[in-house]
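Novice: Chain order of the listed sequences is G and V. In short: position in the first sequence from 1, add 3, done, that's the working numbering. In short: position in the second sequence from 1, add 4, done, that's the working numbering.
Watch out, some of these pointers could steer you wrong.
[As the list claims (entries may be wrong)] Here are the computed lysine-lysine pairs in the DSS-like style, where the Cα-Cα straight-line distance is at most 30 angstroms: (1) G:137 <-> V:110; (2) G:142 <-> V:337; (3) V:87 <-> G:142; (4) G:137 <-> V:119; (5) V:136 <-> G:137; (6) G:238 <-> V:337; (7) G:137 <-> V:87; (8) G:237 <-> V:337; (9) G:142 <-> V:303; (10) G:299 <-> G:212; (11) G:248 <-> G:205; (12) G:238 <-> G:300; (13) V:88 <-> G:137; (14) G:137 <-> V:117; (15) G:142 <-> V:335; (16) V:138 <-> G:142; (17) G:142 <-> V:20; (18) G:142 <-> V:136; (19) G:133 <-> V:117; (20) V:328 <-> V:263; (21) G:137 <-> V:137; (22) V:88 <-> G:248; (23) G:237 <-> V:335; (24) V:88 <-> V:138; (25) V:136 <-> V:117; (26) V:119 <-> V:303.
For the record, the hints were derived by calculation from the structure and aren't laboratory data.
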Amino acid sequence: MKDQSILLDHGSGGKLSNELINSILMPAFDNAILEAQEDGAIIPVNQGRLAFSTDTFVVDPIFFPGGNIGDLAVHGTVNDVAMCGGVPQYLSVGLIIEEGFEISQLKIIVESMAKAAAAAGVRIVTGDTKVVPKGACDKIFINTSGFGLIPEGVNLSASLARPGDRIILSGNMADHGVTILTQRESLEFDAPIQSDSAALNKMTAAMLKAAPGIHVLRDPTRGGVGTTLCEIAKKSNIGMKIREKDLPVDQSVMGVCDLLGLDPLYVANEGKLLAIVPPEQADAALEACRQDVHGKKARIIGEVVADHPGQVVMQTAIGGARMVDMLTGEQLPRIC
Amino acid sequence: MSYQNLDSFRDPEVAKTLSGLIAESCQSPMRIMEVCGTHTVSIFRNGIRDMLPQDITLVSGPGCPVCVTDQKEIDDFIQLARKKNVILATFGDLMRVPGTQSSLQKQRAQGRKVKVVYSAFDALTLAAQNPKKKIVFCGVGFETTAPTVGACILEAHRQGLKNFFVYSAHKTVPPALDALMSMDTVIDGFMMPGHVSVIIGADAYLPLVEKFAIPCAIAGFEPNDILASILTLVQQKEAGESKLENTYSRAVSPEGNKKAREVMEQVFDKVDASWRGLGVIPGSGLSIREEFERFDASKAFELPPARSAAPKGCICGAILTGKKIPPQCPKYKIECTPTDPLGPCMVSSEGTCAAYYRYHGAITKVY
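Here chain G stands alone, though its shape is the one from the complex (with noise of 0.2 angstroms):
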């Protein structure tokens, strides 16, 4: 590629067009089905059900400790599908892309999208690109689709929890919410942050292995692990009890939330999962968790009731206790 910044014509689908998607992007995701360049991806499938899921990801900054908006995007859908209990095999990715863009910048994202995907053992099979005059997006947004095979036995959703069933936080609260925060202009933190962008795919399947019956996996990106538990309480009409001196959060974490008035409950993550587990299986699962990489911290923080169907009721650190309720509103913008 002769050209420093992204023009309009790459996304004309003509010449520059395809000396972009051959240059750059075929390079990056390297796998027979993409190479065919069909008008789309063809793929074998067995028989059994799949989980399908799409996600767009406008966060700004587009690069930041822990990743950047091309991991991040092929981490989320990946987290999604795994949610569902699907294995993740293939994804789409869909570019746009705003005219001026630096191609170098685009080079670091496609490369590490391509090693987010090898590492989570997912090939990215079609994609689309679209360039659109400056100011018309910023900089880059990414849009990813996925799916996967359920295995058969596993059956997950967020109206399965029953009273009785733990409550598993697979680490710490936060980390990406309050990263994204620190690293927004005239926000002048040195805090040692990171953000949590992680797939969890090895994770789930780990656990689900250890612990088939597992009612509920969601991961607590946006409103974070306080609204994700809300809406379990609310679909499967149960009540929950979590405890405050169990919920886990990196100290550094805690005190930007306590210097910006954010409760930690409510803030995004894009690596962590919450699963709801009969009891005769917690500790398995616990266990599976605990044994991967991004799992280390988990740990059950609270029980599914019968009691008070709808709400989550959370103990105090200091012995008292308060409602959990979703968040309203917009607590952060572009943060995924």
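Mind docking chain V on chain G? Use the hints.
Specialist: Then chain V, alone, in the frame of chain G:
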């Protein structure tokens, strides 16, 4: 690492001892007003009501600066955002506050330049970076915010900036408490705001304590700070005493932060100010002094005269004075929610209605 730092101010054993002592000391019903919005949120977040005897009622006062901002001031901010060539810099809490017809969030969606900042100094930086634009900062806050804004105006003056303006809607706490006690409110004790007290000093409340013979305690924001202040208030009431106790002496001195107050006095004049829900309170506002009036957005821009009224049926006044709690408002959770608020109390993170909406449920005694 656990969710909260386990220092003594959050220690559950200390909390248990304090709540035990409160229950032991409390012999009769008592209404305590927490004046600061940060206290309101901390009380909810830590489940403190759940640890108090039934005789103690905590009511929230006019302590969230966004909530007491007058409708005319909100409308002025919206007018300023619509001015040509203006970038309006504001704290995030103001974005969704409904004006008579619009909000800053809606203005931004329509393409006006509204920028959320975390400090007035960020607005000053914006002014230096955008010499062709006029930067207007929405000055909302109590004695905690006013000194920083004052320092910004002094800095803008020193740099000779011609494109930096402040709309000062700042208010001060002691005159509001005086006005509140002069109304027909039933308050048996005040939990005084920690941050404001750091600036104005504990002694600033002495005239109030003397005039109204009411128990007062300055409180920090950790759960055990709050419980300790409640304990001293209960003990005072039961002993028939009325004095000022400083339970936040690790941050609040008798004389306060002299330098911050000097900056405030250098830049601002005390004026009468209109508080949402409370009306005009003499000497409770801060307007920019003549010497610095070229930075005063209310003088530099033409703004329409007051024509704004609070929405009908909103009981902000009764809530801000502690006479009622949000669930007693007919609009609460029905017509007025955080996503579609009628007034600032439902918007601001420290607003009484927003705190009730988020944390107040039918369920409390479950553990």
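Novice: Taking the hints in turn, state whether each one holds.
Specialist: Verification of the hints:
{"no.": "1", "hint": "G:137 <-> V:110", "result": "holds (24 angstroms)"}
{"no.": "2", "hint": "G:142 <-> V:337", "result": "violated (40 angstroms)"}
{"no.": "3", "hint": "V:87 <-> G:142", "result": "holds (28 angstroms)"}
{"no.": "4", "hint": "G:137 <-> V:119", "result": "holds (21 angstroms)"}
{"no.": "5", "hint": "V:136 <-> G:137", "result": "holds (22 angstroms)"}
{"no.": "6", "hint": "G:238 <-> V:337", "result": "holds (21 angstroms)"}
{"no.": "7", "hint": "G:137 <-> V:87", "result": "holds (25 angstroms)"}
{"no.": "8", "hint": "G:237 <-> V:337", "result": "holds (18 angstroms)"}
{"no.": "9", "hint": "G:142 <-> V:303", "result": "violated (39 angstroms)"}
{"no.": "10", "hint": "G:299 <-> G:212", "result": "holds (18 angstroms)"}
{"no.": "11", "hint": "G:248 <-> G:205", "result": "holds (28 angstroms)"}
{"no.": "12", "hint": "G:238 <-> G:300", "result": "holds (27 angstroms)"}
{"no.": "13", "hint": "V:88 <-> G:137", "result": "holds (23 angstroms)"}
{"no.": "14", "hint": "G:137 <-> V:117", "result": "holds (18 angstroms)"}
{"no.": "15", "hint": "G:142 <-> V:335", "result": "violated (43 angstroms)"}
{"no.": "16", "hint": "V:138 <-> G:142", "result": "holds (27 angstroms)"}
{"no.": "17", "hint": "G:142 <-> V:20", "result": "violated (54 angstroms)"}
{"no.": "18", "hint": "G:142 <-> V:136", "result": "holds (25 angstroms)"}
{"no.": "19", "hint": "G:133 <-> V:117", "result": "holds (28 angstroms)"}
{"no.": "20", "hint": "V:328 <-> V:263", "result": "violated (38 angstroms)"}
{"no.": "21", "hint": "G:137 <-> V:137", "result": "holds (21 angstroms)"}
{"no.": "22", "hint": "V:88 <-> G:248", "result": "violated (51 angstroms)"}
{"no.": "23", "hint": "G:237 <-> V:335", "result": "holds (24 angstroms)"}
{"no.": "24", "hint": "V:88 <-> V:138", "result": "holds (9 angstroms)"}
{"no.": "25", "hint": "V:136 <-> V:117", "result": "holds (14 angstroms)"}
{"no.": "26", "hint": "V:119 <-> V:303", "result": "holds (22 angstroms)"}
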